[in-house]
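Residue numbers (our numbering), protein chains in the order written: chain A, 20 to 323; chain B, 20 to 323.
Quick caveat, the hints were computed from the structure, so don't treat them as lab data.
All of these numbers come straight from a predicted model, not from anything done at the bench.
Please note that a few of the clues may not be correct.
Repeated chains share a single entry, so a pair holds when one copy, or any two copies, can fit it.
Claimed, not checked - No farther apart than 20 Å at their CA atoms in a straight line, the calculated lysine to any residue pairs in the SDA-like style are these:
| hint | residue 1 | residue 2 |
| --- | --- | --- |
| 1 | K223 | I113 |
| 2 | K75 | I104 |
| 3 | K75 | I27 |
| 4 | K223 | A254 |
| 5 | K223 | T117 |
| 6 | K223 | G115 |
| 7 | K165 | S176 |
| 8 | K171 | T117 |
| 9 | K226 | G263 |
| 10 | K223 | V118 |
| 11 | K75 | I113 |
| 12 | K75 | K226 |
| 13 | K171 | A287 |
| 14 | K75 | L26 |
| 15 | K171 | E34 |
| 16 | K165 | G309 |
| 17 | K75 | E34 |
| 18 | K75 | R28 |
| 19 | K75 | P29 |
| 20 | K165 | H177 |
| 21 | K226 | R146 |
| 22 | K171 | A254 |
Number of protein chains: 2
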Amino acid sequence: LLDDAGLIRPARGYEIVVTVDALVAGVHFFPDDPPASIARKALAVNLSDLAAKGAKPEGFVLSLVLPSGWTEDWLAAFATGLASIASESGCPLIGGDTVSTSGPLMLSITAFGSVPAGRMVPRSGARPGDLVLVSGTIGDGALGLKVHGPDKPGWVSHLGEAQRAFLADRYLHPLPRLALAVGLQGHASAAMDVSDGLVGDLGKLLKASGVGAEIDLDAIPLSEAARAAIMADPALAELAWTGGDDYEILCTASEMEYPSLVAAAQAAGIALTRIGHVTDASGVAVYREGGRARGFARGSFAHF
Amino acid sequence: LLDDAGLIRPARGYEIVVTVDALVAGVHFFPDDPPASIARKALAVNLSDLAAKGAKPEGFVLSLVLPSGWTEDWLAAFATGLASIASESGCPLIGGDTVSTSGPLMLSITAFGSVPAGRMVPRSGARPGDLVLVSGTIGDGALGLKVHGPDKPGWVSHLGEAQRAFLADRYLHPLPRLALAVGLQGHASAAMDVSDGLVGDLGKLLKASGVGAEIDLDAIPLSEAARAAIMADPALAELAWTGGDDYEILCTASEMEYPSLVAAAQAAGIALTRIGHVTDASGVAVYREGGRARGFARGSFAHF
Chain A
20 LLDDAGLIRP
30 ARGYEIVVTV
40 DALVAGVHFF
50 PDDPPASIAR
60 KALAVNLSDL
70 AAKGAKPEGF
80 VLSLVLPSGW
90 TEDWLAAFAT
100 GLASIASESG
110 CPLIGGDTVS
120 TSGPLMLSIT
130 AFGSVPAGRM
140 VPRSGARPGD
150 LVLVSGTIGD
160 GALGLKVHGP
170 DKPGWVSHLG
180 EAQRAFLADR
190 YLHPLPRLAL
200 AVGLQGHASA
210 AMDVSDGLVG
220 DLGKLLKASG
230 VGAEIDLDAI
240 PLSEAARAAI
250 MADPALAELA
260 WTGGDDYEIL
270 CTASEMEYPS
280 LVAAAQAAGI
290 ALTRIGHVTD
300 ASGVAVYREG
310 GRARGFARGS
320 FAHF
Chain B
20 LLDDAGLIRP
30 ARGYEIVVTV
40 DALVAGVHFF
50 PDDPPASIAR
60 KALAVNLSDL
70 AAKGAKPEGF
80 VLSLVLPSGW
90 TEDWLAAFAT
100 GLASIASESG
110 CPLIGGDTVS
120 TSGPLMLSIT
130 AFGSVPAGRM
140 VPRSGARPGD
150 LVLVSGTIGD
160 GALGLKVHGP
170 DKPGWVSHLG
180 EAQRAFLADR
190 YLHPLPRLAL
200 AVGLQGHASA
210 AMDVSDGLVG
220 DLGKLLKASG
230 VGAEIDLDAI
240 PLSEAARAAI
250 MADPALAELA
260 WTGGDDYEIL
270 CTASEMEYPS
280 LVAAAQAAGI
290 ALTRIGHVTD
300 ASGVAVYREG
310 GRARGFARGS
320 FAHF
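For reference, chain A alone in the conformation it holds in the complex:
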């Protein structure tokens, strides 16, 4: 990077969506995770935010804070991982700053995407009667963290090798749902990505929109590996619904827009599952499991 500054050139009639996420070693990843995985995840979590806003990636800037004891090899592997996801997602590095610290490794990425003017999908657009939808499967990230981490709980031994690998990979390498962006832009009333857990993030969306929801917990899409884990330990269902690191898209759409949105998702090869509907009970999310209402110990929602 020859200059102090990068340039973003939005096409006429487009606006720039900006998102920022910081990741700290020991909090958001393990210090000894593969450097390429750390790099991929740092950009992916930002791309996931852009996708949820209906935006097309245009570029990003990186602040890299290196701990004492970093090596050239580590940095080379990190740069390679970053270059590969940047290239796959069409989101080039346009600026950066590297400093060193006595503390842990830290990265902050600010990513830019473009949307037609006035078309960013807000968090605040959900209306009573809208359907609540979620992409992909939920809970793999939180279960994957347990599988990948140093202290493996007992249920991990009940999973097959492929199941363990699947979950760990979902934690390490989130897949931003960029292919869903244009569909969301045209048809979703509200959207955000699921980074802090479905239950907690739905609470934020409802609060921003000033509405409530009724959610059918049995409808929440689970991977085959997550089902196996929950079979081994039924208490894991709550972890799946409330845990973080899914990077799927949570959105709402009117009954009228729903078929077009699902068609757009199908064309992009992404499953979109209906899990409930929006109500006018401002701020109150009612969750039902086997027909019975239940609450959660964490998240911003109604307790029972």
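With chain A held as given, fit chain B onto it using these hints.
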């Protein structure tokens, strides 16, 4: 901030200039510096980059990495300092992420400015025959760091109280030269801000432009306090020329554009001093002091 994402809406025919700077406690500021000063400096160093590119501030995003033991009081004072510089400079906070760390306090700011399309002032535009100019005074930041820091060298005692306060303030509270941006945009051939020391930063500008320069060290503008410090210890002249944290503008302009650029600076109340000229000796900066050539132990330039 209700949403995951902020929006930048450039006016028609404008592009967005992006700059990022990270600051770490113990490296770029002292952990016990006033929180409002830390906040001001973090945004100011980014605004300084925008000014050097000829850009008008449009907004910024913040990653704030808090160490264990942070307090609500600290954060409130930090937010107040940040809000005041954001308001003064017309550069609102449009997004952010806050995480915690076991390490030191860290901040990363990505700032956005707008320029008419194709008019960002590059680092690479200096041409042989151009004049080399610098705004304000040089060396106050590096001298101010010594005055402000815990281990005060002997020469500090030779300064009056007002001189010490002036230098410490220049270190703690850099003043981004935003009022110079439009003048640079119209009349400078190359520009950057002086953050890592005049000699080193000039080396970067010359390298990016593929040119050399002859610089008259005696012409480098010094504050009255810096002169007093150098009087007490003549070795400090080199610190002034090579030390960091000035956040002044280093630029080049053709002889033809020079009068208009100086007039624009005068109208903005900012001194702009001619310190040398650009040569075709690619990458070679010749420094003269009392008419004799000399080199420096640090910086990217020719040694003698």
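Right, here's what the structure says about each hint:
Taking the shortest alpha-carbon separations for K223 and I113, only the inter-copy value of 18 Å comes in at or below 20 Å, while the best intra-copy value is 31 Å. For the identical chains of this complex, K75 and I104 are intra-copy neighbours only, at 15 Å inside a copy versus 32 Å across copies, given an alpha-carbon limit of 20 Å. Taking the closest pair of Cα atoms, K75 and I27 come within 20 Å of each other both inside a single copy (13 Å) and across two copies (14 Å). Neither within a single protomer nor between protomers do K223 and A254 lie at most 20 Å apart by alpha-carbon distance, with minima of 24 Å and 59 Å respectively.
Proximity of K223 to T117 under the C-alpha cut-off of 20 Å is restricted to the inter-copy arrangement: shortest distance 17 Å between copies versus 33 Å within a copy. Taking the shortest Cα distances, K223 and G115 sit within 20 Å of each other only across copies (16 Å), while inside one copy they are farther apart (31 Å). Only within a single protomer do K165 and S176 lie at most 20 Å apart by alpha-carbon distance; the minimum there is 12 Å, versus 59 Å between protomers. In this homomeric assembly, K171 and T117 never come within 20 Å of each other (Cα to Cα): the closest approach is 34 Å inside a single copy and 29 Å across copies.
Within a single copy, K226 and G263 get their C-alpha atoms as close as 19 Å, which meets the 20 Å cut-off; across copies the closest is 47 Å, which misses it. In this assembly of identical chains, K223 and V118 lie within 20 Å of each other by CA distance solely across copies; the values are 18 Å between and 34 Å within a copy. For the homomeric pair K75 and I113, the shortest alpha-carbon distances inside one copy (16 Å) and between copies (19 Å) are both at most 20 Å. When the C-alpha separation of K75 and K226 is checked against a cutoff of 20 Å, the pair qualifies neither within a copy, at 26 Å, nor between copies, at 35 Å.
In this homomeric assembly, K171 and A287 never come within 20 Å of each other (Cα to Cα): the closest approach is 35 Å inside a single copy and 64 Å across copies. Proximity of K75 and L26 under a CA criterion of 20 Å is satisfied in both settings, with 16 Å inside one chain copy and 13 Å between copies. For a Cα distance limit of 20 Å, the shortest separation of K171 from E34 qualifies neither inside one copy, at 45 Å, nor across copies, at 50 Å. When the C-alpha separation of K165 and G309 is checked against a cutoff of 20 Å, the pair qualifies neither within a copy, at 27 Å, nor between copies, at 69 Å.
Taking identical chains as interchangeable, the C-alpha atoms of K75 and E34 lie at most 20 Å apart whether they share a chain (11 Å) or sit on different chains (17 Å). With identical chains, the CA atoms of K75 and R28 are at most 20 Å apart both within one copy (13 Å) and between copies (15 Å). In the homo-oligomer, the alpha carbons of K75 and P29 lie at most 20 Å apart both inside one protomer (11 Å) and across protomers (17 Å), since each shortest distance falls under that limit. In this assembly of identical chains, K165 and H177 lie within 20 Å of each other by CA distance solely inside one copy; the values are 13 Å within and 62 Å between copies.
For the identical chains of this complex, K226 and R146 are intra-copy neighbours only, at 12 Å inside a copy versus 57 Å across copies, given an alpha-carbon limit of 20 Å. Taking the closest pair of Cα atoms, K171 and A254 come within 20 Å of each other only inside a single copy of the chain (16 Å); across copies the shortest separation is 60 Å, beyond that limit.
The structure shown violates the earlier hints numbered 4, 8, 12, 13, 15, 16.
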